[in-house]
Amino acid sequence: MAYTQILIAGFGGQGVLFAGKVLAYKGLEEEKQISWLPSYGPEMRGGTANCSVIISDTPVGSPIVSVPDILVVMNLPSFDKYENAVNAGGSVFIDSTLIERKAERTDINAYYIPATKMARDLGLPTLANMIIIGKVIRETGVIDMDGLRDALAKTVSAKHQDLIEANLKAIEAGYNYI
Amino acid sequence: MSKVLMKGNEAIAEAAIRAGCRHYFGYPITPQTEIAAYMAKRMPKIGGTFLQAESEISAINMVYGVSSAGLRVMTSSSSPGVSLKQEGISYLAGSDLPALIVNVQRGGPGLGGIQPSQSDYYQATKGGGHGDYHLIVLAPASVQEMADFTVKAFELADKYRMPAMLLADGTMGQMMEPVVLPAENSGKTYEKPWAVRGTENKREHNIINSLYLVPEQLEVKNLERYERYKEVEKNETLVEEYLTDDADICVVAFGIAARVSKNAINAAREKGIKAGLIRPMTLWPFPSEAIARAAERVKGFISVELSMGQMIDDIRLAESCKKPVVLCNRVGGMIPSPEQVLKAIEDMEGGER
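Residue numbers (the numbering used here), protein chains in the order written: chain X, 1 to 178; chain Z, 1 to 353.
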């Protein structure tokens with residue numbers, strides 16, 4: 001029985017909460033048990049933001065992720081803060097455009113992906129978050145790629161439905177990054 | 001019934017609408033503003049009223065007005081705002097008016113912080129305003145319960161003619177979980193022959209009032225009200241017991257603290273420690289019987305709270321100080337970790353008491 005605890009952290013404005021929502025909505029589509037908990041308050045735009053997502057076959061206990069199986073970091077302060085929290089054998093996904101250092105721990109899988117640069121090159125500068133999510137899907141299989149469009153349609157607000165394709169493109173780019 | 005992913009705050013708002021609430025009055029405050037935002041969007045579309053009052057005090061008195069007319073009505077706020085509402089809540093209780101007050105608690109006292117807390121337990125369960133009265137206090141521990149307890153609160157408030165409070169916290173308000181929303185027009189409704197909405201010259205005037213200058217009359221009012229409270233205590237106490245059948249150590253926690261505690265209890269069981277959880281779903285009435293029953297066989301109780309220890313008093317009263325009760329807490333917007341709760345369980349298991 002899988003019980004996967006995910007922590008996504010970065011600066012406000014990087015789409016950290018949105019990235020978590022995509023995972024949560026897709027998990028719901030796959031009939032998993034879900035919780036999504038944001039940090040809230042003055043962190044928006046510039047401060048640090050994070051969100052806890054749990055995707056599970058069994059009921060979710062505490063929605064607060066303190067020992068993540070999957071850690072996504074989109075800035076150095078978040079990496080410094082949470083690296084030691086990762087569950088042994090867990091995975092950390094690092095935006096290597098913004099974070100120069102490597103993981104210090106050897107008992108976790110570290111994946112480096114220049115998401116911010118790739119997003120810029122693809123002409124999707126605001127979607128580095130989705131590029132990392134693509135990589136997370138590839139390496140962990142926590143959700144399936146199949147049916148992602150439906151989950152995105154639910155995550156993206158009604159007036160931004162035109163952005164679904166761009167999001168998909170970014171996720172695929174991350175998924176295919178070796 | 002399909003599940004949707006919703007924030008706890010949004011689930012409260014949608015459930016209230018589906019329970020027939022068409023009047024919402026409030027004033028924005030983190031971490032419950034999504035309730036007001038949701039109502040602002042929805043109410044005008046369904047012929048309801050959303051009104052952002054000039055203050056929390058105005059909002060609760062608008063609630064008094066609508067409730068007097070016999071309609072389902074609510075307000076919501078977070079800790080400092082709920083303090084401001086206390087006068088109005090006492091007046092609602094003194095006038096035997098049903099209403100829903102939502103408190104998505106944050107750290108205090110004073111302006112405190114915006115992170116989750118459970119430190120308004122005393123205020124919610126022991127009065128808050130002046131005079132002898134109770135609120136029915138429901139404590140949701142999931143987004144599903146945020147929705148379900150909203151409907152239940154309206155039902156109970158109408159049934160017993162008293163205000164009900166949903167006592168949540170910042171985590172419950174902000175987190176998203178799958179929820180099956182209640183059906184439209186759900187929730188039992190009750191005749192309200194006492195409401196003031198025109199006599200059509202067919203009956204005597206109804207009067208909604210909390211002023212009784214003749215002490216004999218005021219005493220009767222108080223005694224009548226407490227008869228009703230006895231009925232509530234008898235009929236409406238809600239509690240979840242988790243792995244308590246064979247438990248040596250009994251954790252007591254509500255809301256987010258209960259979620260954290262379940263993780264700790266599962267971890268303790270893996271280590272061979274028989275721990276269980278009593279989760280009050282109503283804080284008033286408090287599930288004293290469940291606690292008293294557990295006191296017959298457990299080694300001790302651990303009260304897990306996001307406060308300096310408020311519910312712990314009710315646990316001690318319920319078990320008549322038969323067994324030790326220890327506090328495991330964080331305050332100021334911090335949340336106990338499962339590891340902290342597990343340590344408290346291990347300490348009780350190993351300690352000679």
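Simulated from the structure, these hints should not be mistaken for lab results. Predicted, not measured: the structure shown is a model, and the values here were computed from it. Incorrect hints may appear among the rest.
[Unchecked claim] Derived list of chain Z stretches under chain X, where covered just means 3 residues or more per stretch with a C-beta under 8 Å from a C-beta of chain X:
#1 260-266
#2 331-344
[As the list claims (entries may be wrong)] Negatives, chain Z to chain X, calculated, CB over 10 Å:
#3 E54
#4 V66
#5 R161
#6 G170
[Stated by the list, open to error] Not everything, but these chain Z residues come out facing chain X in the computed CB check (under 10 Å):
#7 G110
#8 L111
#9 T171
Glycine residues also receive a C-beta, built at the ideal position from the N, C-alpha and C atoms.
Structure-based check of all given hints:
no.	hint	result
1	260-266	holds (count 4)
2	331-344	holds (count 4)
3	E54	24 Å, holds
4	V66	30 Å, holds
5	R161	36 Å, holds
6	G170	7 Å, violated
7	G110	17 Å, violated
8	L111	13 Å, violated
9	T171	6 Å, holds
Going through the hint list in order, the structure does not satisfy hints 6, 7 and 8.
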